[in-house]
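Colleague: Each chain is listed here by its residues.
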Amino acid sequence: MNAKQILEILKVLSWIVFIGLCIKTGAMFISFFVSLFINADGASDLYMGLNLSELLAFNQGQYVVMAGLIIFLSGLKAYLFYQVIRIISKLNMANPFNEDIANLIAKLSGISLQIGITAIIINMYAKWLLKQVHFVYEGGGTEFLYLAGILFVIAVIFKRGMEIQAENDLTV
Amino acid sequence: MSLNELSAKVDLTLSNLSILKTGKAKAIRFSTLESICKVLECQPGDILEYQDEEKKHV
Chain X
1 MNAKQILEIL KVLSWIVFIG LCIKTGAMFI SFFVSLFINA DGASDLYMGL
51 NLSELLAFNQ GQYVVMAGLI IFLSGLKAYL FYQVIRIISK LNMANPFNED
101 IANLIAKLSG ISLQIGITAI IINMYAKWLL KQVHFVYEGG GTEFLYLAGI
151 LFVIAVIFKR GMEIQAENDL TV
Chain S
1 MSLNELSAKV DLTLSNLSIL KTGKAKAIRF STLESICKVL ECQPGDILEY
51 QDEEKKHV
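Protein sequences, first through last, are from chains X and S.
Residue numbers for the first sequence follow my numbering, beginning at 1 and rising by one.
Residue numbers for the second sequence follow my numbering, beginning at 1 and rising by one.
Please note that a few of the clues may not be correct.
[Unchecked claim] The list that follows gives simulated cross-link-like pairs (lysine-lysine, DSSO-like), each with its CA atoms no further than 27 Å apart: (1) K90(X) with K4(X); (2) K21(S) with K9(S); (3) K159(X) with K107(X); (4) K24(X) with K107(X); (5) K159(X) with K26(S); (6) K24(S) with K159(X).
[As the list claims (entries may be wrong)] These stretches of chain S come out as covered by chain X in the derived footprint (C-beta under 8 Å, 3 or more residues): (7) 13 to 20; (8) 27 to 35.
Since the hints were derived computationally from the structure, they do not count as laboratory data.
Here the structure is a predicted model, which is why all the values come from computation and not from measurement.
From the three backbone atoms N, C-alpha and C, an ideal C-beta is built for every residue, glycine too.
Put together the whole structure using the sequences plus the hints.
Modeller: As structure tokens, this is what we get:
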């Protein structure tokens with residue numbers, strides 16, 4: 001299996017993950033909207049069993065903040081995979097080290113950092129809320145901080161690759 | 001000799017020759033230098049010149 005085939009498979013997988021995350025974000029947003037304005041029972045199953053009904057019953061403001069952050073996090077993840085799709089689409093194996101790809105990798109690093117920080121904020125907020133009201137929130141997402149660090153290193157290496165390639169292009 | 005003729009004899013693309021001619025080249029392979037010297041019947045010193053970067057800007 002050559003690099004091109006692997007890239008094609010990765011592209012398809014990225015599209016599947018991106019669409020899945022868009023569906024998740026959309027479904028959560030609709031359930032959230034329904035729970036606020038139509039039927040409060042919507043909060044008992046925002047998406048795949050996420051139950052914030054007790055939080056809604058406790059305090060609507062806290063519920064809006066918590067659900068809003070969770071939806072925002074899901075949206076950020078979808079955006080991350082959208083950028084991954086853009087990178088794979090723009091990648092040209094004959095001349096891979098170009099400015100567009102370097103900027104996209106740096107952007108990926110930034111988005112991963114945002115996801116990691118948002119996840120930490122949500123986890124801390126959930127921890128604080130759990131002292132007052134009981135609800136189930138699995139947490140997670142902080143691993144994106146490690147991803148941000150790794151991507152940052154890759155972006156730096158990539159920029160160096162660009163310099164070397166430019167020098168190679170000007171070698172006769 | 002025109003650039004086209006030199007390009008054909010040295011087996012270097014016109015764009016690479018242009019890079020050499022305009023001084024944008026970062027490096028030159030010995031094999032390329034050898035080919036050019038062979039075609040032009042000269043020595044590397046005849047076609048290469050050192051210029052101090054600071055004096056060039058002044």
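Colleague: Each hint should be assessed against the structure and marked as holding or not.
Modeller: Verification of the supplied hints:
With a C-alpha separation of about 13 Å, the suggested pairing of K90(X) with K4(X) holds against the 27 Å cut-off. For the hint pairing K21(S) with K9(S), the CA-to-CA distance comes to about 16 Å; that is within 27 Å, so the pair holds. Our distance criterion of 27 Å between C-alpha atoms is met by K159(X) and K107(X), whose separation comes to about 13 Å. Annotation: proposed proximity of K24(X) to K107(X) holds, straight-line Cα distance about 23 Å (limit 27 Å).
Our distance criterion of 27 Å between C-alpha atoms is met by K159(X) and K26(S), whose separation comes to about 18 Å. For the hint pairing K24(S) with K159(X), the CA-to-CA distance comes to about 21 Å; that is within 27 Å, so the pair holds. Coverage of a stretch by a chain is defined here by at least three residues with a beta carbon nearer than 8 Å to that chain's beta carbons; for the region 13 to 20 of chain S and chain X the count is 4, and the condition holds. Judged by the Cβ-Cβ criterion of 8 Å, the region 27 to 35 of chain S is covered by chain X as claimed, because 4 of its residues qualify and three suffice.
Of the numbered hints listed earlier, not one is contradicted by the structure.
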